[in-house]
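**Q** Sequence:
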Amino acid sequence: LRPHENVRRAVVEDLRFRDPEWHERLCERAHAFFEARVARSDVRDEAAHLACIYDLSFLHSQNLVARRFFDWSSDRTMFPAHPTPAEAAAVEECIRRFEGPSAARWFRHWLERQPEHCHVFRDQTLRVVGYHCAPVLTAAGLEASSRDPAVAGAIAAIAQHGPLRGSEVAILTRFWLDTRTYQQVGPVQSCMWLHMVRTYGLTPHLAHAVTAFHDVGFWEAIFTYMGFTRVPAGDYEVDGHRYGVMMHDWRARPYRDWLALLARREIHAPPPGAAESPPPAPAVLDRETFAEAVKDALRHRGDDRELGRNPLLNTRLVRGDLGAGATLPQRLAALRQRLDEACDALARAVGQDKHARAVVAAYGRGAPSQEAAAEALGVPLSSFRRHLKRGLALVVERLWEQEIGPGR
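In the numbering used here, the protein residues as written are 25 to 432.
Hints listed in this document are in silico derivations from the structure and should not be mistaken for laboratory results.
Incorrect hints may have been included.
[Unchecked claim] With a Cα cut of at most 27 Å, we get these calculated DSS-like pairs of lysine-lysine:
| # | residue 1 | residue 2 |
| --- | --- | --- |
| 1 | Lys-378 | Lys-319 |
| 2 | Lys-413 | Lys-319 |
| 3 | Lys-378 | Lys-413 |
[What the hints assert, rightly or not] What follows is a set of in silico ranges between Cβ atoms, one per label pair, in the way DEER data are often shown:
| # | residue 1 | residue 2 | range |
| --- | --- | --- | --- |
| 4 | Arg-171 | Arg-414 | 19 to 27 Å |
| 5 | Arg-120 | Arg-92 | 23 to 31 Å |
| 6 | Ser-97 | His-238 | 45 to 53 Å |
| 7 | Gly-165 | Arg-414 | 49 to 57 Å |
| 8 | Arg-266 | Ser-97 | 39 to 47 Å |
Glycine included, every Cβ here is placed at the ideal spot set by N, Cα and C.
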């Protein structure tokens with residue numbers, strides 16, 4: 025048994041009116057419970073994992089903003105699948121009808137190059153009712169893909185937040201449509217978006233999410249609610265159709281922080297035009313600058329004044345586990361902890377003891393010079409320098425992986 029939708033809404037509104045504080049606590053407990061279910065669910069079971077995300081999203085059904093843009097009536101009966109050749113041909117014709125012949129050619133382009141990121145959605149009769157394509161963009165592949173106007177727009181949007189580095193990736197929602205109603209609110213569109221919520225949480229090294237809309241003015245309110253930012257610089261045109269772009273910077277607000285934002289907005293959605301400001305974007309250092317900053321941080325680990333000038337203090341590496349309002353002492357402590365953890369990991373690694381000892385002797389014991397550190401270890405200076413160089417490279421590599429890592 026379950027209450028009728030109108031009865032359920034009446035009970036919720038009555039509770040909200042009679043005891044708003046208890047209602048808020050109840051919402052927080054429910055969000056924590058369903059978020060924990062998502063975290064515990066087996067991601068290999070796609071249907072079960074999506075069902076948990078559906079349950080979590082349903083908490084937003086009472087929110088005046090969210091319920092205008094989501095339809096939960098599908099009761100979790102649609103799941104993504106890779107299209108058969110016949111289905112791909114039907115989707116291609118659908119895209120040609122809605123977006124034009126050039127868009128249809130880009131549909132084929134991405135289906136051939138990244139089929140794993142192209143999905144149809146089928147109803148209970150196995151009829152295709154929707155299509156979603158969200159290719160993964162890498163730093164190495166951006167230029168080659170930039171002939172697609174959507175990718176060129178994504179590049180322009182990403183440039184405002186710092187380029188992709190190393191193994192970082194961006195997800196571009198290139199196509200999303202209901203085969204009957206195109207980009208209108210409905211159960212198909214809602215299921216596709218929940219599929220994307222799942223994808224964001226499972227994509228390693230995700231730095232940016234970029235989504236394009238045929239009618240961005242309509243969808244901007246819900247994507248602002250979801251923590252995305254409007255980026256007009258990324259707008260593009262295909263076959264006379266203009267598309268508006270919104271994006272999310274996962275380096276500034278990682279996945280768990282994003283879920284926490286949605287939990288807050290479930291209860292206190294900002295009014296239109298008054299959305300809270302996104303957190304300050306972290307410093308985006310290239311690999312070489314990052315390595316020099318790590319070495320400088322090791323050199324001045326015990327000096328608050330010198331360490332306080334280190335650019336690592338504003339990176340994702342340090343700020344990732346801290347709130348946007350973290351103080352300088354908190355960030356200094358976090359940076360020292362990251363350095364210590366990296367050095368400890370090096371010391372525990374098999375076959376790396378001599379490299380770890382060289383790093384500790386040079387930076388952890390206050391040796392006045394490399395000569396003095398080598399003498400303290402009882403090794404020739406040339407050997408010490410070789411061990412130190414390798415040890416520093418391993419420490420930098422570990423910290424770099426954390427800097428550009430999943431950030432969940």
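**Q** Measuring from beta carbon to beta carbon, are Gly-165 and Arg-414 in 49 to 57 Å?
**A** violated, 31 Å
**Q** Between Arg-120 and Arg-92, does the C-beta distance stay in 23 to 31 Å?
**A** holds, 30 Å
**Q** Does the alpha-carbon distance linking Lys-413 and Lys-319 stay inside the 27 Å limit?
**A** holds, 11 Å
**Q** Can you let me know if the beta-carbon spacing of Arg-266 and Ser-97 is within 39 to 47 Å?
**A** violated, 31 Å
**Q** Take a look at whether the Cβ-Cβ distance between Ser-97 and His-238 falls inside 45 to 53 Å.
**A** Because 23 Å falls outside the window, the suggested range is violated.
**Q** Lys-378 and Lys-319 were given as a pair; does the straight-line alpha-carbon distance stay at or below 27 Å?
**A** holds, 18 Å
**Q** Check the hint pairing Lys-378 with Lys-413 against an upper bound of 27 Å on the C-alpha distance.
**A** holds, 11 Å
**Q** That 19 to 27 Å hint for Arg-171 and Arg-414 (C-beta), does it hold up?
**A** Violated - the Cβ-Cβ distance for Arg-171 and Arg-414, about 42 Å, lies outside 19 to 27 Å.
Consistency with the previously given hints fails for numbers 4, 6, 7 and 8, ordered from lowest to highest.
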